[in-house]
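In this note's numbering, the protein residues as written are 17 to 310.
Keep in mind that a hint or two might mislead.
Stated by the list, open to error - When the alpha-carbon atoms are kept at most 20 Å apart in a straight line, the in silico EDC-like pairs for lysine to aspartate or glutamate are as follows:
hint	residue 1	residue 2
1	Lys56	Asp24
2	Lys56	Asp81
3	Lys56	Glu69
4	Lys56	Asp122
5	Lys56	Asp92
6	Lys56	Glu21
Unchecked claim - What follows is a list of derived Cβ distance ranges for each label pair:
hint	residue 1	residue 2	range
7	Gly238	Gly101	22 to 30 Å
8	Arg104	Ala19	17 to 25 Å
9	Leu103	Gly59	35 to 43 Å
10	Asp267	Asp196	20 to 28 Å
11	Arg104	Arg64	17 to 25 Å
12	Leu103	Ser153	33 to 41 Å
13	Pro193	Gly164	38 to 46 Å
14	Asp100	Ile141	37 to 45 Å
15	Glu21	Asp236	33 to 41 Å
For the record, the hints were derived by calculation from the structure and aren't laboratory data.
We put the CB at the ideal spot given by N, CA and C, even for glycine.
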Amino acid sequence: MSAIEVYDVSGPAGGPYGVAVTRDGAVWSTLVHAGEVVRKAPGGGFSRFALGEGAQPAQVAAAGDDSVWVTDGARDRVLLLGPDGTLREIAAPTPGAQPFGIVSLDDGTAWFTEAGIDSLGRIDILGGVAEFAAGTSDGMVSMIAASGDSLWFTAHRANAVGYVRGGDSAPQLFALPTPDAGPVGITVGDDGAAWFCEILAGRIGRVDRRGNVTEHPLPDAGSGPHAIVADPAGGGAWFTLWGSNELGHIDLAGAVTLLALASSGHDEPHGLAVSPAGTIWVAMESGALLAVTP
């Protein structure tokens with residue numbers, strides 16, 4: 017039986033949204049409505065970092081042993097945060113870029129999506145930013161994941177998943193079989209294929225590097241799968257169901273199991289991350305972080 021530990025970090029006005037776990041064991045979450053980032057130290061204490069007036073931090077990705085990248089679409093910037101607060105602030109070159117999804121690579125660079133201008137941004141180790149067209153038009157490029165130096169991203173309104181081989185080649189776009197599926201969350205498995213969430217269709221999809229797409233319908237078409245992360249314990253993936261207040265798991269054969277989160281006293285699960293110990297951290301927009309032990 018799964019165990020759920022609840023950490024109240026804000027009310028609904030705070031809005032926990034994205035989650036990342038750094039190698040030092042700290043857990044980070046964006047508070048999208050409050051314009052803040054919260055950090056749970058390995059020892060258990062919490063710190064909060066205000067990002068300034070008008071900030072709307074969305075996604076967060078581990079950047080090193082104890083630091084994270086955070087996107088702020090409202091102020092067209094990406095922030096690097098450490099245990100004591102902001103280490104670096106990097107502006108997107110194009111006004112209205114609206115950085116959203118972000119991923120850190122092993123070479124010290126980071127890639128992010130620019131939902132407002134159909135582009136991807138790359139931050140080099142010196143903080144310089146280059147932008148690359150995603151190949152969509154009003155596609156709302158959303159989440160991004162990496163495998164080595166290759167990238168996968170979702171284009172929500174374009175109903176497609178993009179693949180960039182080698183980090184800086186032209187993106188390949190793979191159209192989804194289900195119309196208006198609304199892909200958002202994406203992650204990469206050990207085999208290099210990507211798992212993704214179809215929030216509008218209530219499906220979990222999988223696409224390989226040749227563009228072969230498989231879609232797995234969920235029991236509730238209105239469950240709203242949102243974020244997804246690869247399961248390090250034997251394949252498959254974990255995902256959040258925003259509409260039905262559940263945590264889901266899909267294995268390599270497509271079998272789905274669901275865990276209700278209502279007992280936590282919170283709802284609207286969004287981001288999630290898996291710690292090295294196998295704990296699944298879920299951001300509940302109603303105001304909490306959940307530590308789920310499968």
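Worksheet item: Straight-line Cα separation of Lys56 and Glu21 no greater than 20 Å?
Response: 14 Å, holds
Practice prompt. For the range 33 to 41 Å, tell me whether the beta carbons of Glu21 and Asp236 fit it or not.
Written response: Hint violated: Cβ distance 26 Å, outside 33 to 41 Å.
Discussion item. Can you tell me whether the CB distance of Arg104 to Ala19 sits inside 17 to 25 Å?
Written reply: 37 Å, violated
Worksheet item: If you draw a straight line from the CA of Lys56 to the CA of Asp92, is it 20 Å or shorter?
Response: 26 Å, violated
Worksheet item: Between Lys56 and Asp81, is the straight-line Cα distance small enough, at 20 Å or below?
Response: Holds: Lys56 and Asp81 sit about 14 Å apart, inside 20 Å.
Worksheet item: So does Asp267 sit 20 to 28 Å from Asp196, Cβ to Cβ?
Response: For Asp196 against Asp267, whose Cβ atoms are near 27 Å apart, the range 20 to 28 Å holds.
Worksheet item: Hey, Lys56 versus Asp24, does the alpha-carbon distance stay inside 20 Å?
Response: 11 Å, holds
Worksheet item: Would you say the C-beta atoms of Gly238 and Gly101 sit inside 22 to 30 Å of each other?
Response: 40 Å, violated
Practice prompt. Determine whether the Cβ-Cβ distance between Leu103 and Gly59 falls within the hinted range of 35 to 43 Å.
Written response: Violated: the Cβ-Cβ distance is about 21 Å, outside 35 to 43 Å.
Discussion item. A range of 33 to 41 Å was offered for this pair. Does it hold for the Cβ distance of Leu103 and Ser153?
Written reply: With a Cβ separation near 35 Å, Leu103 and Ser153 satisfy 33 to 41 Å, so the hint holds.
Item to complete: Take a quick look at whether Lys56 and Glu69 sit within 20 Å of each other, Cα to Cα.
Response: 23 Å, violated
Worksheet entry | Assessment of proposed distance window 37 to 45 Å (beta carbons of Asp100, Ile141) | 21 Å, violated
Hints 3, 4, 5, 7, 8, 9, 13, 14 and 15 from the earlier list are contradicted by this structure; the remaining hints agree with it.
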